[in-house]
Each structure stands twice: as structure tokens, then as C-alpha cells.
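Peer 1: Reading the sequence shown from the start, the letters are residues -19 to -1, 1 to 507 in mature numbering (1 follows the signal peptide of the UniProt record, and there is no 0).
Please keep in mind that the hints were generated in silico from the structure rather than gathered at the bench. Hints may contain errors.
As the list claims (entries may be wrong) - Derived pair list, reagent style DSBU-like, types lysine-lysine, alpha-carbon separation capped at 35 Å:
| id | residue 1 | residue 2 |
| --- | --- | --- |
| 1 | LYS136 | LYS79 |
| 2 | LYS136 | LYS502 |
| 3 | LYS451 | LYS406 |
| 4 | LYS218 | LYS136 |
| 5 | LYS63 | LYS79 |
| 6 | LYS502 | LYS218 |
| 7 | LYS296 | LYS63 |
| 8 | LYS136 | LYS451 |
| 9 | LYS136 | LYS296 |
| 10 | LYS218 | LYS451 |
Remember, it's a predicted structure, so these values are computed and weren't measured experimentally.
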Amino acid sequence: MRTLPGLLTLTIFGTSGLCAVYHQLSDLTQEEFDFVIVGGGTAGAVLANRLSEVESFQVLLIEAGPSNEGVLEAQVPFFASKLLNSPYDWNFTTIPQKFADGRVVPYGRGHILGGCSSINAMVYTRGTVDDYDRWARVTGDPGWSWNEMLPYFIKHERFVQPQDGRNVTGEFNATTHGFDGITHVSLPNQLQKPFDENVFAAADELGGNFEFNLDMNSGKPLGTGVVLPRLTLHGTKEVILSAGTIGSPHILFHSGFGDAQELQSVGIHPLVHLPSLGKNLTDHPRLQMDFAANNTGPNVLADPTLLAEVLEEWKSSRTGPLTNIVNNNLIWGRLPTNSPFNDPSAGSNSPHWELLPAVNLGPAAAPHVAVGVVVVSPASRGTLTIDSSNPFDSPVIDPAFFTAPVDVAAARDAIRNIREFFAAKSWNGYIISEISESASAESDDELDTFVSGNFGTAWHPVSTAAMSPKGADYGVVDPDLRVKGVYGLRIIDASVMPFIIAGHTQTPVYVIAERAADMIKQDWTS
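Using the sequences plus the hints, can you model the full thing?
Peer 2: Structure (C-alpha cells):
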């Protein structure tokens, strides 16, 4: 892991919505706040915003990384990939992965205000009805069901027109979206022609698994669519951990929370025996296929002159190709119904895999289409642990990718499906040939070898502090997100998900924070 500079962002929200931002602990003028939120990432920022709506609440938001203001790579949508393996990334790695013959996997996490929401690819997916209904079922709290969470999605979201100003009628379902929230959501700008047109044509031609889905955020997504000085701070009402799936358990381990025997083995005195902490780590494994193509248009990243031109356009008017994220289209699918494996998904409307095609992804000069292949309903479960009592040492991350055979089968099925998709007549003259290492892989064994040598993470780890029913002797937090056996401490981030969703995880973290903010307000204002 790279040694990172000692950086810090502290934000105080106080009476009448006033806010102050500090970059050093010594600048703080007080040590007591109603709420101290540790982690200024996807959940923490939403919590601070919502809790500060109560004028009497004083809220301190602490972030280990620097501010995201002025960080161009965090502002330009098309530049997301530049933030991995940078000073704005914790630059973690996994332990050697068994399925990868001992290869370690880089494990990027956001080291910047905004956390992973400042460094990710900005893909907005909610997951499925099945996902949230399963959360409600396993926690015993119907408030986590799809019907109860949908108002939070709508409350949080502010749908805005694409920058290109086109008529988006028929491109999304307005009845399932919000228009007055705090996070802007939109459709892709400047549709990539002819690629996007071919996607729609192939979906119509093939149907079945590839049938066009108007709005994947309706809950039914299957188909094709679019180091520091010390200071003691007090939270007089609550301390809230929002440091993420890796950060929150890591902090708790070094505070004496976790499996007592495991803590003692590294020289930490156990305070609260929580054997489930750090267990159940779940993530989406990802790999990439590449196809040579014709007529893909200019490659911005391969042409320095063009890049300078479009960057100036973005700076001056926030228009042009850099307003786009990398992927304009997503394809979701399931294993065949005769699959010999137990279904790991949340239900029949939940996909097992996702395909993310992108035109001219990266600086390679030759025209090509890259396709991300992601297993989105994995059965594999890993762990997060520590091997030292030094809180500045990296945690031990083992996602245990592809240890469940059904996950390997899902990856194979996804690969075969993208080949079928690109074999449609609609792609004649556009897609030339498969050019990645996968090209020579046909049998199950050959495909497994390709997957083993090429997979990484989709950067969606969850569930290391999972919710369970109130009073259960397993899990880490109750359905109200209070840490079991502790007063005044909650965890509110992706780590509390009892199961990973079959989609990208940023959006559910937003709405976990939205619901949590309402619960906290009710507890302290009623």
C-alpha cells in the first residue's frame, strides 16, 4: 500500500444551516457536538446534510482524505478511471486470491471528501424489488422493503435533463424518479452513434435476455438499458461510523470491537464481543473483454490534441464528450432456468450478471469496444480482518472471489451472452472480432482459465457489519443501525447491507443514509 500524506477534512454543520470547513484538527473551536460522523463519503455526506436540517443539531463530519473541491478528475465524469491508484485512493490490495492462483487484486477505495462517490464511474442503479424485500425479510423490519424504500429514492434524487438538451421522452419512466432531491441524476449526454443505435437494434432483433428495458431503476432491471494528530471529540447524542465497508470495521477492530479471541491474538483488548464484524464480505467480481470495431468515432483519451480541446469545452461550458460517463448502456441477465446451482440471487427479477459495453475505453489507439463483465448476485463470501494492533496498518481484505462455483458459472454465461449479442445482424460491419484473451476460450475449462487470470473488483464491497433482527445473536447492527450491545453508536454505510444488491451500490447507500437520518431525527426530536 502506498504511504499517504496526512490529510483531513472536517465540516461543521450548525444552527440555521451554517457550515464551516476545516483542514486541521487544531482549527476546531470545540470538542463536543451532538453528532460526530466519521467518514465523509457517500453515506456520511448525506447524513450531515439531512441532520443539519434540524437547526438545533450541531454536526461534525470527519473525512480522512482531502477536499474534493478543485480536483478535476473528481469533477469530470469521463475521468473517473484516473482516480484509481492515485493520492485520492486508499490503494488497498486483497490477500492472494485462491481462484486466481495466488494473484492479489488492487482494491481501490475513496480517500477524498465524498469517498467512493468522488472516484467511481457514476452509474446510477437502485437494485431490484427482490433485493430490498430480502433485506426486510432477513432483518425483520418491513421498513427496508422496496415499497418502503422507494420514497427515499425519489426524495433523494433530482432528475435533470441531459446536457445535450435532447427530448428524452421514451428514454426513462418519469413516474419512478424524483425531481427535487439533492443528487442530480440524468441520462447519458451525446449518445454515441452508431454504437447506441446498434445496441437498441440488436435488443429488438434478439429479444429474450436482451429485450429492451425502458427504466432499469423501476426495480425490475433485467434486459438491456441504459495519519493525524490526536484529539478526543465527543458526540453528545451519537457517534456515527460512515467510513465504509472497509473503514468502519477497521476502526471498530482497533477500538476493541469484534471477535474477542481474534482481537486478543493481535494484542487488542476486547471491549465488545461482535464475532460477526468483518465477516460476510461480499463484492462483485469484474473482468473485461475487448472487441475490434469499425466506426467507433474519435478516441478522446488516445488523442492529446482532441483531449485538450474537449477539456477546454467542459471547463468553459460543461458540455461535450467529457460530460458522459464511460458506459451508456447496461445489459442484465440470469443463468438459464435449468442451471444446476441453487439460485444465489434475491429473486427471479434479479440478474446474476451485468454487461457494460464502452466504446474506445482507455488510451488504446485502435478502435474497439470494451465490455465489463460483472457477477452481480455472487454467492462467494469473504472476510475483513486485521493482523496488527497498529491502526495505521492496512486491514486484511479477502473477498474470496469465485470461491462459489455458481459465480464462475455466471461469469461464463455472461461471456457467452455478449458474444451472442454482438453476433446479431445489427452489428454487421461494426463489430469485427473478439481480441482479448477470451477470444480462444470456448469450453467451460478454457473460459474458467480466462476468468481466473483476468478478474478484478467492481469496487462494490458490502456487508462487513451486516444488519440482523433486533435481539439476534448474529450480525453487527440492529435494523435501526445501532451497534448491538452499545448505546450511542450507529453504523450507516454499505457495510450494513445484509446482502449485496444486484446492481451498483452507490445509490442504495444514499437511501440507507436517507432513512437513517429520518430514524435519528425521530429519536432525538420526538
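Peer 1: Hints first: check each against the structure and report whether it holds.
Peer 2: These are the hints, each one checked on the structure:
no.: 1; hint: LYS136 to LYS79; result: violated, 43 Å
no.: 2; hint: LYS136 to LYS502; result: holds, 16 Å
no.: 3; hint: LYS451 to LYS406; result: violated, 55 Å
no.: 4; hint: LYS218 to LYS136; result: holds, 26 Å
no.: 5; hint: LYS63 to LYS79; result: holds, 29 Å
no.: 6; hint: LYS502 to LYS218; result: holds, 11 Å
no.: 7; hint: LYS296 to LYS63; result: holds, 17 Å
no.: 8; hint: LYS136 to LYS451; result: holds, 27 Å
no.: 9; hint: LYS136 to LYS296; result: holds, 30 Å
no.: 10; hint: LYS218 to LYS451; result: holds, 21 Å
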